[in-house]
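Participant: Use these hints to put chain L onto chain V, whose structure you have.
Respectively, the protein sequence lines represent chains V and L. Using the numbering used here, the letters of the first sequence map in sequence onto residues 1 to 313. Using the numbering used here, the letters of the second sequence map in sequence onto residues 1001 to 1317.
By construction, these hints were calculated from the structure, which means they are not laboratory data. There are no misleading hints in this set.
Result set (EDC-like, lysine to aspartate or glutamate): computed pairs, CA atoms no more than 20 Å apart in a straight line:
(1) L:Lys1055 x L:Asp1073
(2) L:Lys1055 x L:Asp1033
(3) L:Lys1055 x L:Asp1036
(4) V:Lys159 x L:Asp1036
(5) V:Lys159 x L:Asp1060
(6) V:Lys201 x V:Asp130
(7) V:Lys159 x L:Asp1033
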Amino acid sequence: MSATTDTEIVAPRTEAAVGVWRLRWRRFRGHAGGMAALVVLVLLVLFTLAAWPMQHFLGIDPNATDLFARFEPPGPVHWLGTDDAGRDVLVRLMVGGQMSLLVGLLATVIGGVLGLFIGIVAGYFGGRVDAVLMRFTDGMIALPLLPLLIVFGAIDLTKLGFSQDFARSGAAGFWRIIIIIAIVDWTAIARLVRAATLAIKERDYVRSAKASGAGAGYVMASHILPNVATPIIVAFTLTVGRVILLESVLSFLGFGIVPPTPSWGNMLNNAQELVTTAPALAVYPGLLIFITVIAVNFLGDGLQHAFDPRSQR
Amino acid sequence: MAAFILRRVVQTLLVLLVMSFVIYALIGLMPGDPVDMMIAGNPGATPEVVAALRKIYGADQPLMVRYWHWLSDALRGDFGFSRTHSQPVLEVLAPALWQTCQLMIGSFVVSVILSFALGIVAALRPGGWVDGLISLCAFAGISVPVFWLALMMILVFAVELHWFPASGIANVGDGGLRDRLMHLVMPITTLALANTGAFIRYVRASMIEVMRMDHVRTARAKGAGEGRVVLIHAFRNALIPVVTIMALSFGVLFNGALLTETMFAQPGMGKMIYDSIQGNDYNLALVGLLFATLVTLLSNLAADLAYGWLDPRIALA
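Chain V on its own, in the form it takes in the complex (with noise of 0.2 Å):
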């Protein structure tokens, strides 16, 4: 990160950039909330890791079903018992929170990188291209989500050209929901970025760039970049925590990850039913989406008080 605070203009340029992280991560160490969460979304991270260990030593299949064996109660083969069709609920959790926490990922930094496009083109050029983005931007923003996402879940893949087969496939699903959620969600990392850019292209050494003859390309990506990445650190984590939600609820729904493959969305999908006969199956999965998305949202926080010097507890 290259000078944005007055202690850098005296300290020595590297330096002061490893001081600016230094300084960062000693405030974040601060956020009891921020490290806490930190904390969770590792050891989640290491639980469905686990999956693999179970899967391989173990010889547990996620997909597996067994139709004797339904709703067992936990035990020494299953420890949290079996599903509806006989399943593992325990390595299915692992694996459907793999797919979940890529899901969440994924989406977030295909629409990060969307939203940054555009809000680095609108601000920095501005004028008519500015307006025009913007208001698409808003057009985005009024648009109402959810019912929306499920129309582009439902859409036909075969009308737009692709084969049958891919179609039906498992990636099709996965990437079609990560791809429909990065479509929607880039809006809020767009207008942060824009905000950002447009204060960033009257700073000095972006006008001596130009005025050397750096074209417009060149400024975006060599000076605008870097020092817009910082306020959208904090942006990107809560659109994590978000996509993490919108996954879940279109997955329970139906259009997003597809059975067999678990997702803690799609865990859920019968769940309505579960509330009765087996209760714990319709707690677990929520569960774990809750814990996830919390603590993103505190890492969120935490991040922005160890970003903004301002901040104060």
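Facilitator: Just chain L now, with coordinates in the frame of chain V:
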């Protein structure tokens, strides 16, 4: 002011028009077409018959032509027929709308009251343990999956405790006011809890900012009681950004309503949209989505107007 309102209304209508085309095109990408649905239960339909039907219903026309037909019919008030309900779309829409209004307005009122109370209390001592507790609850509200919250409400209050009915809007053979209210308690509470989290954070942040302002210090210096300072001097000013954001969040509330209605089997707009997309009821899905867009756009418009009305210092340009 009049010119501003006019311009915003025209803008809203334009966005609605564009969205009607986008939604029409998207609905066209859903599996099958209306003719496929017609012949689905008829194995005797030969390709010739199908082609003839397509021609009669215009399903063989290009997208723009079909959209134009739909639009000109819609402008005359004809939104077509619902396939799954066997009724004109508007007749399906009206009762669903009323149902959703009860849910959304009820939970909006509950969450506004809750968030004002908790947000102000939290802002009195930022960083204190009360603030910490309220902020934790607010985070929980933001982070909970609405459909799962609904599920847990059903599990606890319907299955275990038998306090409230788990689904529907009235018991068969009853339908009195008390019965209907009992059926609304859980959906309204669920939706309100999910919304209150975000609202508390807005109220708290806005109040903390205002409490630092000079006029609050002046009021204290002149000897005004703390209650008067908080409620009259600070709260009034904190209200402006909060009301705007709350009005803007009506669209988010609609997302929640879709889930709550689906979970509690309430025949409202949200459930109608969901069912119509699941059942390939194109006409109904189209109008439902368009209506949802309209509601969101209108709430944005209301937010803009409320901003100017609450704070005369802001010139609406």
